[in-house]
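Once you've looked at the hints, dock chain W against the given chain A.
Spelled out from the first residue to the last, the chains are:
Protein chains: 2
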Amino acid sequence: MSTEDDIDLVFKALANQVRRSICDELRKRPLTTGQLASCFPEIDRTTVIMHLRVLEKAGLVVPVRKGRERFNYLDAMPIQALHERWIGPHAERAASGLLQLKTELEGEAEVAVEEQ
Amino acid sequence: MSTEDDIDLVFKALANQVRRSICDELRKRPLTTGQLASCFPEIDRTTVIMHLRVLEKAGLVVPVRKGRERFNYLDAMPIQALHERWIGPHAERAASGLLQLKTELEGEAEVAVEEQ
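Those sequence lines, one after another, are chains A and W. Quick note on my numbering: the first sequence kicks off at 1478 and runs consecutively. Quick note on my numbering: the second sequence kicks off at 1478 and runs consecutively.
Source of the hints: derived by calculation from the structure; they are not laboratory data. None of these values were measured; they are calculated from a predicted model. Glycine is no exception: its CB is placed at the ideal position from the N, C-alpha and C atoms. Wrong hints could be hidden among the right ones.
[What the hints assert, rightly or not] One-sided and incomplete, this derived list gives chain A residues near chain W with beta-carbon spacing under 7 Å:
hint, residue
1, 1481
2, 1488
3, 1492
4, 1563
[Stated by the list, open to error] Straight line, CA to CA, 27 Å or less: simulated BS3-like cross-link-like pairs of lysine-lysine:
hint, chain 1, residue 1, chain 2, residue 2
5, W, 1505, W, 1534
6, A, 1534, W, 1489
7, A, 1505, W, 1534
8, A, 1489, W, 1489
9, A, 1505, A, 1489
10, W, 1534, A, 1489
11, A, 1489, W, 1543
So here's chain A without its partners, still in its complex pose (with noise of 0.2 Å):
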């Protein structure tokens, strides 16, 4: 999970909101198929499964087989990799980044104030 067409495959995955409430339901805890289809009474079982195809492409969900089971994990690295590109080890500098941008436009406003 590494170059842009993988992290597209990531951001289309996600582009969709029965695929987003999948992960909010997988990241609760693993499900089977079956269990996670029943969790989504309104849409049909092929569908489900269609979605989840997408988010195993992306790499975002597992299949684990446990005997004669398929679970369904989530697997949120894809997230956290997004996060540290844009947030992670440069918050710092979004942030004073932030504060510089305040600092000016309170410096416009006073400014301003006095303008008038």
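Frame of chain A, contents of chain W only:
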């Protein structure tokens, strides 16, 4: 930035390599649209502006007018919100889920070795 429709916009905006590169540039420092366009000499200015509008609609880029210039700032709050949804306060639970899986798989591996 709270409804699921708003979140759709964030993911659709970020499901494009050029728009992610724009976020990378703006994370370093705010830029005018002209400065930003010069970071992407291989893309025409109209296309850069089109990408900026998509990022703005998603709340990822905020334009700030300073005197005669208009600077584009990265606003990473929508990305922070995603992180909190799937990782943040639940990181411990997710980590313990993975640990549980690891323990179970190791248990199965031991059974497999004993059966040989």
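How the hints compare with the structure:
| no. | hint | verdict |
| --- | --- | --- |
| 1 | 1481 | holds (5 Å) |
| 2 | 1488 | holds (4 Å) |
| 3 | 1492 | holds (4 Å) |
| 4 | 1563 | holds (5 Å) |
| 5 | W:1505 to W:1534 | holds (21 Å) |
| 6 | A:1534 to W:1489 | holds (17 Å) |
| 7 | A:1505 to W:1534 | violated (31 Å) |
| 8 | A:1489 to W:1489 | holds (7 Å) |
| 9 | A:1505 to A:1489 | holds (22 Å) |
| 10 | W:1534 to A:1489 | holds (17 Å) |
| 11 | A:1489 to W:1543 | violated (35 Å) |
In summary, the numbered hints that this structure violates are 7, 11.
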